[in-house]
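Assemble the dimeric complex from its two separately framed chains, guided by the hints.
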Amino acid sequence: MKKHTIAVIVENRPGVLSRVSGLFSRRGYNIHSLAVGTTEDENLSRMTIVVEGDDDTLEQITKQLYKLIDVVRVYELSNISAVDRELVLIKVAANESTRSEIQQIVDIFRAKIVDLGENALIVEATGDSTKIDAIENMLKKYGIREMVRTGKVSLARSEETK
Amino acid sequence: MELTGAQALLESLKKEGVEVIFGLPGGQTLPLYDALYSEKGLRHILVRHEQGAGHAADGYARATGKVGVCLATSGPGATNLVTAIANAHMDSIPMVAITGQVGTSFLGKDSFQEVDITGITLPITKHNYLVKSADQIPNIVKEAFYIASTGRPGPVLIDIPKNLQLTKIDFKYPESINMPAYKPTYHGHPKQIAAAAKLIDKAQKPMIYAGGGVISSDAAKELLELATKISSPVTTTLLGKGAFPETHPLSLGMLGMHGTVYANYAVTECDLLIAVGARFDDRVTGRIEHFAPKAKVIHIDIDPAEIGKNVSVDIPIVGDVKNVLCALNNHIKQKDSHSEWVAQVLAWKEKHPLCYKSNGGLKPQAVIEEIYRVTKGEAIIVTEVGQHQMWSAQYYKYTSPRTFISSGGLGTMGFGLPAAMGAQVGKPDKIVIDIAGDGSVQMNIQELNTMVNNKLPVIIAIMNNQYLGMVRQWQELLHGRRYSHVDLDDNPDFVKIAEAYGAQAFRVEKFEDVEKAMKKAIAKRDGPTVIEFIVEREENVFPFVSPGQAINEMLVD
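Quick mapping for you: the protein sequence lines, in order, are chains A and B.
Position in the first sequence counted from 1, then plus 327, gives you this note's numbering.
Position in the second sequence counted from 1, then plus 1110, gives you this note's numbering.
Hint data in this document are derived by calculation from the structure and do not stem from the laboratory.
Keep in mind that a hint or two might mislead.
Claimed, not checked - PhoX-like cross-link-like pairs, simulated, lysine-lysine; straight-line CA separation at most 25 Å:
(1) Lys1419(B) - Lys329(A)
(2) Lys1293(B) - Lys390(A)
(3) Lys390(A) - Lys1406(B)
(4) Lys1125(B) - Lys1331(B)
Claimed, not checked - Derived coverage of chain B by chain A (criterion: at least 3 residues anywhere in the stretch with Cβ under 8 Å from a Cβ of chain A; other residues may be distant):
(5) 1227-1233
(6) 1289-1298
(7) 1401-1415
(8) 1566-1576
A virtual CB, placed ideally from N, CA and C, is assigned to each residue, including glycine.
For reference, chain B alone in the conformation it holds in the complex (with noise of 0.2 Å):
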């Protein structure tokens, strides 16, 4: 079949399975939206800026586990895209950004709209192409979605020059991959399951402490399996959030920096610590010498290189987490339980339960609790990056795996929006609500847009205490508030710039109507709805560890 190359990649990307895109075009991919122009088999989104693309590809891809798509232009339009693939690298995301590049005879001689995308991106993507001849495109297509969506997933780059956009092509799709030198291990070595198993029966107080690799190798039953076998408790980290159920008793929620009390507590005693997709992020482990400092430690993850990194590892499991529990569950003998150990760990979570004072304004906290209680716990939670990311996480309970999506290792204000926009396409059916802070919020408002234009019923849910929160509250309690350059007050009317590009919106003051207002938002279900939360100005994040003290040196007030 002959075909020129902007249509092979279209043909490439359907044989893969893609069913949406999320792009801007430009220059430099004309010819790609021309092939799209009368393509029926791919669904485009026009987003207003490439970030949003990448992120909606990013929060498409959590949602649903498929591999996100993202497209841009050269020059601006690549660059633009390099926030939401850094984003998606450190959370090991399975995305393809695809760019267009300046025609191969001006590559290098700073021509219009010309940027080393692949060179930008080598350190933020798990691997590239710039694409030198178009027959390359069925194969490279083909390797790009293999290396993005095994192993560790991660983002892939391929750049694409617009001459070879027009080249013709014998079209034939590859039907194996070749590469020798790429080979994850899936497996764990027996003999290291085997060692695991004996360290388990041993323990008296044993403890998992469980990542966002339990979620993308789709492990929450085979960890459920394992935890409820051996009485332990279960603690996750951000990413972690619905790998395992948090209304199960032994669920003590997360752990570290902002993490409950009676997770730090546990992880601090425990004798065996069994770490599960899970990459010992300094959020997570505070000073790394105090950190589960009587544990031995067993860490299963498939990447070779997370083993060792931070911490000294006692028992090395590298292979795919669900193989590896599956593994180890028929190995372990069944305990009944280790009822010291668990009461204290109860004792612990009755004593020192997450808590907030609800004297003052409307707390985001309650607002939070009341977001769960309207949606029954089961509507898919997004968050930007701050405060209301933190409170989203402690005070939602979070039952099944990818309902929770958050920017955990970069950080990145402005992740929620546009990727609650992939999430709502990717889950039409679900409720998805991106809890937003009236800083971050602002970082890709454009989508609201987008969203409007293709009828997603997300609904945003901005805290706004007109600061940028999770600052304030640093230079509160660590720089003798001197409140540097985070006050908000001059914040635009988010209800007005809703209702401008056409949501639904409302402003809630008082905790009474915060159900009206989201029931309300539920029940539409062609667009989206922004609502804006007047919260306590001065609300903290508590518990909180200071940077560099260890985990059960909390401030919990």
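If we strip away everything but chain A, and leave its shape as in the complex, we get (with noise of 0.2 Å):
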């Protein structure tokens, strides 16, 4: 099924956050991933959310959205030219003999390593998704220990601004 993204521009009002949530679990809509924050409103937030589905229920929850009185904006980002980006934390089983094979890797994904124990360390990356995943791929076999994903966000490119 076809992922959309999408941005949903709220007020900053308690109990938003559910009344976005629930309304995509109770009209069987499947949310991929949601991130949440500020804007440069401080009466707004902004989620951006990536949703699977054909072009009529993507129709379909932004009109549902529209509907719950603390929804200012709702806009696709799928179609327009933006920047995605989404940062993780992997904690990865190292030793000695793998920390410099693995140091190679960060390098590679301009990732960074940001802690450092006997037998793990912790890297952080930034980038959009395939990045994210590739880099999770590469890790993998060192032993994942934990890892955070943020979920995706994402702004239109400067042209593409309303």
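Shown next as structure tokens:
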């Protein structure tokens, strides 16, 4: 099924996240990822939601979102030129013999090692989702102890901004 | 002006033009009820169960067009409102529900009678509020009424912690609304209207399918103008009853699962379907691929999310039905007649009228026809949910909006009796009749007490077939007559129950006695009357489109 990235600008009020996520679950829409954060306007928050579904589903999602009183604006980012980023923290098993191999992989991906212990280290990487998938794959063989991905955030490029 | 939160709430309600509240007090609404004690400008009707308060507010709203208000305490009081709120939400009824909540310092601690009612009602309200500080109360009330009554109407809940009801605030009621994110579209796009007019002018076999939106936007006059101007037959949904006069030759009554044969045939054969304030519900469309298969579709609705939700549409027009029909009526050309098409439709109407066999015992359809005759079609008919509801839709002819009040989307048994109570409060001079079944009338029968205490002359006409009749009908037709748990032959004595509550009551077993009983009931203006009609037990509602069938494939007997 096709993945769509949508940005949902909402009033920064208590309960707004559950209003949005509740809408997705009760109408049976699949959320692939959801990232929420503040914006340039302190009264507004921005959710970047990656959903799976055909174009009709996406249209319904958009319309249903607009019915929520706290939703200010909804727009799709997958059809326009946009900057997509995701951040990941990966705790990888590492000993003296594997550490330098891992360091090489990290360098190639222009990622960073942000914590180092005797038996493990933490890699921080930023990029679009395919890059994050790739580094995750490369590090798998060393043993991923823990991992957290933020989910995608996305902004339309300057020329696309209305 | 310095007021407590509770006083500020009541002042705000009055500013919104509220005249009556249906409610029942409890621990977390004590400050509100203390303020009500000395309040002269608001009528409070004490119900016997909060669900009754919710449905009464709903019935009041449907009968008057105003926002209905109900009030309950926290916890079980609030959860008892849930069915009524869901019911109002499904049928787009403007309602404000107010609940008490445990004090802010007790929130989230599983305190006595604490329940997360804003969480619970999230999917069944248009919007809801948990008040966090007392000085928000005036603004929230203003917004709540605005949201409930504008755009596509719906219920809004306001949850007010007890300590905030006691907090003093400097009361000033806001004059304007500032809700940048909430802007319903009222005027149809001129291009879409022009395109629709073009399609209408070209159509040879137009058909209007009108829903509850025509009533909520007060557009019956504009609909009549459209229909007569283009000589289009009109069918309505259950909630659209009253939007078009059913005595008019172009009226085809209701469509869908229990619709008329001729309405379902006409929808199947039309070349243009004009959907007005309706949402293509599955009870209307039957098997969706076979619904209006030959037609282009114009869909007029104020809620953009309804467009394209169930069927794909050729010309969508988002806007208030009244405005859009006005604009459309100015655009379209007068058509003297689609003589062939109208003749065809009238021929179907002639050939396949609604009918029932008059052999055997007292027929519920005959009782309803008689109620129609005795009331000259001028009563407000409220129903519960089930067979009697469908017969009330079929055999009473509705000619004006807000005269048929029924639970459509949610199908709530127990709706009718309290909703009739609310309708009577809103329309004290009208004859209000709750046509009920013996199953559903027992779900909120306690409100008879409220009607007696408030001298409300509602007539409760129970079609007693000693069955959960609609379920029995489905079991007969679709489950090989395996009547599983539908037999109510151990019903209580309804006449005695009614009398115990202090209501007038009769039992009618013969058709000849229907008129006399109805006249006695109508004559009593200072309290309710219960009439128990002992009707034929296994009468079925026809036509009947089995679920999943096309609507032109009906069982007719």
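Results of checking the hints against the structure:
1. Lys1419(B) - Lys329(A): Distance ~19 Å between lysine 1419(B) and lysine 329(A) Cα, so the pair holds.
2. Lys1293(B) - Lys390(A): With a Cα-Cα distance of about 13 Å, the restraint between lysine 1293(B) and lysine 390(A) holds, given a limit of 25 Å.
3. Lys390(A) - Lys1406(B): Since the Cα atoms of lysine 390(A) and lysine 1406(B) sit roughly 23 Å apart, the hinted pair holds (cutoff 25 Å).
4. Lys1125(B) - Lys1331(B): Violated, at roughly 30 Å.
5. 1227-1233: holds (count 4)
6. 1289-1298: holds (count 4)
7. 1401-1415: holds (count 3)
8. 1566-1576: violated (count 0)
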